[in-house]
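Asker: For the sequence shown, the numbering used here gives the first residue as 1, with consecutive numbering after it.
Treat the hints with care, as some may be off.
[Stated by the list, open to error] In silico DSSO-like pairs for lysine-lysine, Cα to Cα no more than 30 Å straight-line:
#: 1; residue 1: Lys140; residue 2: Lys49
#: 2; residue 1: Lys60; residue 2: Lys140
#: 3; residue 1: Lys60; residue 2: Lys115
[As the list claims (entries may be wrong)] Label-pair distances were calculated between CB atoms; the ranges are:
#: 4; residue 1: Thr80; residue 2: Asn129; range: 38 to 46 Å
#: 5; residue 1: Glu94; residue 2: His21; range: 46 to 54 Å
#: 6; residue 1: Asp18; residue 2: Asp99; range: 38 to 46 Å
#: 7; residue 1: Leu48; residue 2: Gln111; range: 24 to 32 Å
#: 8; residue 1: Asp55; residue 2: Gln128; range: 37 to 45 Å
These aren't lab readings, by the way, just hints derived from the structure by calculation. In this text the structure is predicted, and so the values were computed from the model without any measurement. Think of the CB as a built atom: it goes at the ideal place given N, C-alpha and C, for glycine as much as any other residue.
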Amino acid sequence: MATALKNLSQYRSDNLPDINHKRFGIVVAEWNEGITGALLQGAMQTLLKAGAREDNIVVKTVPGSFELSLGAQWLAQQPTIEAVIALGCIIQGETRHFDFIAQAVADGITQVGLKYNKPVIFGVLTIQNLAQAEDRAGGKHGNKGDEAAYTAIRMLGF
Numbered sequence: 001m002a003t004a005l006k007n008l009s010q011y012r013s014d015n016l017p018d019i020n021h022k023r024f025g026i027v028v029a030e031w032n033e034g035i036t037g038a039l040l041q042g043a044m045q046t047l048l049k050a051g052a053r054e055d056n057i058v059v060k061t062v063p064g065s066f067e068l069s070l071g072a073q074w075l076a077q078q079p080t081i082e083a084v085i086a087l088g089c090i091i092q093g094e095t096r097h098f099d100f101i102a103q104a105v106a107d108g109i110t111q112v113g114l115k116y117n118k119p120v121i122f123g124v125l126t127i128q129n130l131a132q133a134e135d136r137a138g139g140k141h142g143n144k145g146d147e148a149a150y151t152a153i154r155m156l157g158f
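Take the sequences, apply the hints, and build the full model.
Answerer: And the structure:
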């Protein structure tokens with residue numbers, strides 16, 4: 001769904017499962033750290049507000065969005081981690097590099113979830129410029145980190 005039609009931080013909280021004893025892994029790209037840090041903050045706030053315990057949330061960083069798939073796999077292969085959230089920001093540049101990275105990350109994260117049969121959530125911004133990233137990392141369109149955490153919670157209640 002287009003972000004312009006929805007605030008990423010708005011969701012129903014009356015249909016969430018109990019996550020008090022659930023363990024989450026969050027892998028965050030360091031590239032575009034101002035944006036990914038805001039995404040992480042949104043995800044953490046959403047998980048804690050929904051009842052997750054802070055000591056049940058493992059946060060790891062990787063250099064860039066391309067490395068999110070492997071970082072997500074390292075977290076997903078841990079039997080105690082029940083859901084993984086991958087957070088990154090890929091901004092369109094002047095070359096086709098954006099296309100290759102965005103597709104590889106989307107495919108990789110999907111494959112990790114299927115391989116380990118657990119929710120692995122794509123919380124990666126794929127935008128045209130920094131202003132769009134800021135709008136989706138706590139700005140006028142909410143926070144994609146909130147949405148990714150909410151999605152992980154909902155999937156644990158499937």
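Asker: Look at each hint and say if it fits the structure.
Answerer: Hints versus structure:
1. Lys140 - Lys49: Answer holds: lysine 140 to lysine 49 is near 21 Å, not above 30 Å.
2. Lys60 - Lys140: With Cα atoms ~27 Å apart, lysine 60 and lysine 140 stay inside 30 Å; holds.
3. Lys60 - Lys115: Between lysine 60 and lysine 115 the Cα gap is close to 20 Å, so the pair holds against 30 Å.
4. Thr80 - Asn129: 38 to 46 Å: holds, 39 Å
5. Glu94 - His21: 46 to 54 Å: Given about 48 Å between the Cβ atoms, the range holds.
6. Asp18 - Asp99: 38 to 46 Å: The hint (38 to 46 Å, Cβ to Cβ) holds, given that aspartate 18 and aspartate 99 are roughly 41 Å apart.
7. Leu48 - Gln111: 24 to 32 Å: Given a distance of about 29 Å, which is inside 24 to 32 Å, the answer is holds.
8. Asp55 - Gln128: 37 to 45 Å: Check passed, 38 Å falls within 37 to 45 Å.
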